[in-house]
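For chain A, the structure is supplied; the task is to place chain B on it using the hints.
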Amino acid sequence: DGGITQSPKYLFRKEGQNVTLSCEQNLNHDAMYWYRQDPGQGLRLIYYSQIVNDFQKGDIAEGYSVSREKKESFPLTVTSAQKNPTAFYLCASSLRDSAPNTQYFGPGTRLTVL
Amino acid sequence: EDQVTQSPEALRLQEGESSSLNCSYTVSGLRGLFWYRQDPGKGPEFLFTLYSAGEEKEKERLKATLTKKESFLHITAPKPEDSATYLCAVQAFSGGSNYKLTFGKGTLLTVNP
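Line order of the protein sequences matches chains A and B.
For the first sequence, the positions run 1 to 114 when the numbering used here is used.
For the second sequence, the positions run 1001 to 1113 when the numbering used here is used.
Extracted from the complex, chain A is given alone in its bound form (with noise of 0.2 Å):
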């Protein structure tokens, strides 16, 4: 059954703390993005990669890190230099060179600064 999972669903951050979010697809996709949403806002891209080994800052990418040392796997670490985390965190992912390319997104994570 192929999908995109995201872990954990929920995350709680203290100030000053490093986290990372899981995202795993097992769709064979190319591409992998990384979207934050907020009340009232549209969704904004952090970060995407079309290969392994290579990404590219989106829109709002301060105080966010990647990596893509997998085709599957695309973790976002948020660091304590992101001054505002709290929010809903979408992983997507996407066949590569594909016009129009459609994503599919994830379940997925809420993180919540205490």
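Derived by calculation from the structure, the hints in this document are not laboratory data.
Positions of the beta carbon are idealized from the N, C-alpha and C atoms, including for glycine.
Misleading hints may appear alongside valid ones.
Partial chain B-side listing against chain A, Cβ under 10 Å, derived [unchecked claim]: (1) Val1004; (2) Leu1030; (3) Arg1031; (4) Phe1034; (5) Gln1038; (6) Gly1041; (7) Pro1044; (8) Thr1049; (9) Leu1087; (10) Phe1093; (11) Thr1102; (12) Gly1104.
This is chain B only, laid out in the frame that chain A set:
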């Protein structure tokens, strides 16, 4: 800069009362327009992709249409289970490999029995 505006922000319907949601967009070159459904606390669920003016797609009680400036999501005889937030997003030809989606803020649809 690509922009997407969805209206209304919220819509309340009676079961069986058909209506439409609007998505107005400005984009340099449209690669695709996407509709998603999002239930509370869940990730967006893909509904439709449209990419040329005049195109229409249907799925059960939903039909999406596209013009050069806007898209409509028509809901025919809705049921309470259609209650959700509907998101519209556009993807532009940017000349690179950034397949970024620009999202609207969504329309919260509530269907009362």
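If you take the shortest Cβ to Cβ gap from B:Leu1087 to chain A, is it below 10 Å? Where the cut-off is 10 Å and the nearest Cβ of chain A is about 7 Å from B:Leu1087, the hint holds.
Would you settle whether the hint for B:Gly1041 is holds or violated, based on the nearest Cβ-Cβ distance to chain A being less than 10 Å? holds (7 Å)
Minimum beta-carbon distance criterion (10 Å), B:Gln1038 to chain A: holds (9 Å)
Please check whether B:Gly1104 passes as an interface residue: C-beta within 10 Å of a C-beta belonging to chain A. holds (6 Å)
Return the status of the interface hint for B:Thr1102: holds when the least beta-carbon distance to chain A is below 10 Å, violated otherwise. The hint holds - B:Thr1102 has a Cβ within 10 Å of chain A, the shortest such distance being about 7 Å.
Going by Cβ atoms only, is B:Leu1030 closer than 10 Å to chain A? For B:Leu1030, the interface hint holds, since the closest Cβ of chain A sits about 9 Å away, which is under 10 Å.
Does B:Pro1044 meet its interface restraint, that is, does its C-beta lie within less than 10 Å of any C-beta in chain A? Interface hint status for B:Pro1044: holds (5 Å vs cutoff 10 Å).
May I ask you to test the interface hint for B:Arg1031 with respect to chain A, counting a Cβ-Cβ separation under 10 Å as satisfied? holds (5 Å)
When the nearest CB of chain A is found for B:Phe1093, is that gap smaller than 10 Å? holds (8 Å)
B:Val1004 was flagged as interface toward chain A. Is the shortest Cβ-Cβ separation under 10 Å? holds (7 Å)
Please check whether B:Thr1049 passes as an interface residue: C-beta within 10 Å of a C-beta belonging to chain A. holds (5 Å)
B:Phe1034 as chain A interface residue, shortest Cβ-Cβ below 10 Å: holds (7 Å)
Hint violations for this structure: none, all hints satisfied.
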